[in-house]
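Visitor: If you want the building blocks of each chain, they are given just below.
There are 2 protein chains.
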Amino acid sequence: MPRWDPRAEDRLREAALELFLKHGYENVTVAQITERAGLTRRSFSRYFTDKRDVLFTGSEQLPAALARSVRHADSTLSPFGALLTALMDISSVLADQAPLAAQRRAVVRASPELQERGLTKFAAVTDAVADALRDRGTAESEATLLAQVGVAIFRTAFDRWTDQPNDVGLPAYIREAAAELAASLGNVDFAALPRP
Amino acid sequence: MPRWDPRAEDRLREAALELFLKHGYENVTVAQITERAGLTRRSFSRYFTDKRDVLFTGSEQLPAALARSVRHADSTLSPFGALLTALMDISSVLADQAPLAAQRRAVVRASPELQERGLTKFAAVTDAVADALRDRGTAESEATLLAQVGVAIFRTAFDRWTDQPNDVGLPAYIREAAAELAASLGNVDFAALPRP
Numbered sequence: 001m002p003r004w005d006p007r008a009e010d011r012l013r014e015a016a017l018e019l020f021l022k023h024g025y026e027n028v029t030v031a032q033i034t035e036r037a038g039l040t041r042r043s044f045s046r047y048f049t050d051k052r053d054v055l056f057t058g059s060e061q062l063p064a065a066l067a068r069s070v071r072h073a074d075s076t077l078s079p080f081g082a083l084l085t086a087l088m089d090i091s092s093v094l095a096d097q098a099p100l101a102a103q104r105r106a107v108v109r110a111s112p113e114l115q116e117r118g119l120t121k122f123a124a125v126t127d128a129v130a131d132a133l134r135d136r137g138t139a140e141s142e143a144t145l146l147a148q149v150g151v152a153i154f155r156t157a158f159d160r161w162t163d164q165p166n167d168v169g170l171p172a173y174i175r176e177a178a179a180e181l182a183a184s185l186g187n188v189d190f191a192a193l194p195r196p
Numbered sequence: 001m002p003r004w005d006p007r008a009e010d011r012l013r014e015a016a017l018e019l020f021l022k023h024g025y026e027n028v029t030v031a032q033i034t035e036r037a038g039l040t041r042r043s044f045s046r047y048f049t050d051k052r053d054v055l056f057t058g059s060e061q062l063p064a065a066l067a068r069s070v071r072h073a074d075s076t077l078s079p080f081g082a083l084l085t086a087l088m089d090i091s092s093v094l095a096d097q098a099p100l101a102a103q104r105r106a107v108v109r110a111s112p113e114l115q116e117r118g119l120t121k122f123a124a125v126t127d128a129v130a131d132a133l134r135d136r137g138t139a140e141s142e143a144t145l146l147a148q149v150g151v152a153i154f155r156t157a158f159d160r161w162t163d164q165p166n167d168v169g170l171p172a173y174i175r176e177a178a179a180e181l182a183a184s185l186g187n188v189d190f191a192a193l194p195r196p
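First to last, the sequence lines map onto chains A and B.
If you use full-length UniProt numbering, the first sequence corresponds to residues 1 to 196, in order.
If you use full-length UniProt numbering, the second sequence corresponds to residues 1 to 196, in order.
Keep in mind that a hint or two might mislead.
Heads up, the list lumps identical chains together, so a pair's fine if it works in one copy or across two of them.
The list that follows gives simulated cross-link-like pairs (lysine to any residue, SDA-like), each with its CA atoms no further than 20 angstroms apart [to be verified]:
id, residue 1, residue 2
1, Lys22, Ala102
2, Lys121, Arg109
3, Lys121, Val108
4, Lys121, Glu176
5, Lys22, Asp74
6, Lys51, Val107
7, Lys22, Ser111
8, Lys121, Pro63
9, Lys51, Ala179
10, Lys22, Ala106
11, Lys22, Arg36
12, Lys22, Arg7
13, Lys121, Ser111
14, Lys121, Arg155
15, Lys51, Ser141
16, Lys22, Arg134
17, Lys51, Ala64
18, Lys22, Arg175
19, Lys121, Ala110
20, Lys51, Thr40
Honestly, the hints are just simulated from the structure, not real lab data.
Just chain A, with the same shape it has in the complex:
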């Protein structure tokens, strides 16, 4: 019986991603993953429910964690200020996902089933954030709009951060994407837009 291995979870995740990238997510079994990692099915079950869980583990905590952070952000902040602060707060939770994020993204992109799953996950995050913004007094429809935009900023920042491994943390990328978007929107002369 294998002794407890503090790196077991990482080894399983690395083995799974390698196999998914090589053979396609749909064609890989849990048995192949554990064999490649040199671990048992029991070890696998200690960390993951099934092979899909290898890709999405941890994400089920994101909606509640972000919503909590939005609710607890300084009460003097504007709705969007509170949202940005919450996104930066949550970054630390995701730090250990960075090394494998690019491979993970390639696997998800290649599978319609996984893409749908990802969209559903992001929708859950959006709903939770919108609820939290409403609790801070933001109007229903504005809260939904800001939550969608916050999630878009977060996805952009996360992808940029994990595309170019370096010492700059995720919060800096969140700040950058938000500032970039603010500049893009601020540049538009709404009165001068062609009237359809």
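Dock chain B against chain A, hints included.
Guide: Relative to chain A, chain B alone:
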């Protein structure tokens, strides 16, 4: 054999939405829809592939139509200006969806299957718009961010427009949501945000 009825499509859609709202989307059959509308299965097949199509018909043209409009927008417009112009352009196509949109939304909201379908549709719109922005010279990652934000503005504007039937057109709601978002983002003092 029933004569050709210019309102057949609308009657089928109205009957379907009434039944979906009353009994739940999953529990309604095409036979029930045609019976309620007083039309035949053959009439139904002339307009819709299946009962899900009653809710999403027309939406398959949206990605290409929006992308075309982004590509053809005045070349002096900024990326976000081009995107907004395209969103307002496309509004006319959707004018006849307004009367039933609120019911449609309630049906989709009640069914996880339909919600997933809706998310996939919006993702297709986002991808097409991002491609079109890249064709205008916008950088990869910025194009994706702007496309996601454009779709969020569009969804917000469409929901507001169909929630309160009035004479104000969809383009005005798009302009309003975009201006509101620009103000929210413009208000944030990025340097003053708490550093995590």
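Visitor: All hints are to be evaluated individually against the structure, with a verdict given for each.
Guide: Tested hints:
1. Lys22 / Ala102: Only inside one copy: Lys22 and Ala102 sit 15 angstroms apart there, 45 angstroms across copies, limit 20 angstroms.
2. Lys121 / Arg109: both (15 angstroms within a copy, 16 angstroms between copies)
3. Lys121 / Val108: both (13 angstroms within a copy, 17 angstroms between copies)
4. Lys121 / Glu176: neither (24 angstroms within a copy, 29 angstroms between copies)
5. Lys22 / Asp74: neither (47 angstroms within a copy, 44 angstroms between copies)
6. Lys51 / Val107: Within one copy, since 12 angstroms is at most 20 angstroms while 32 angstroms is not.
7. Lys22 / Ser111: Classified as within; 13 angstroms inside a copy, 36 angstroms across copies.
8. Lys121 / Pro63: within (9 angstroms within a copy, 23 angstroms between copies)
9. Lys51 / Ala179: So Lys51 and Ala179 fail the 20 angstroms test inside a copy (38 angstroms) and across (44 angstroms) alike.
10. Lys22 / Ala106: Classified as within; 11 angstroms inside a copy, 42 angstroms across copies.
11. Lys22 / Arg36: Classified as within: same-chain Cα gap 13 angstroms, cross-chain 52 angstroms, threshold 20 angstroms.
12. Lys22 / Arg7: The answer is neither: 23 angstroms in one copy and 53 angstroms across copies each exceed 20 angstroms.
13. Lys121 / Ser111: both (15 angstroms within a copy, 16 angstroms between copies)
14. Lys121 / Arg155: Both, since 12 angstroms and 19 angstroms are each at most 20 angstroms.
15. Lys51 / Ser141: Close neither inside one copy (37 angstroms) nor across copies (29 angstroms); limit 20 angstroms.
16. Lys22 / Arg134: Neither: 45 angstroms inside a copy, 29 angstroms across copies.
17. Lys51 / Ala64: Neither. Shortest intra-copy (24 angstroms) and inter-copy (35 angstroms) distances fail the 20 angstroms Cα cut-off.
18. Lys22 / Arg175: neither (35 angstroms within a copy, 46 angstroms between copies)
19. Lys121 / Ala110: both (17 angstroms within a copy, 17 angstroms between copies)
20. Lys51 / Thr40: Within one copy, since 14 angstroms is at most 20 angstroms while 46 angstroms is not.
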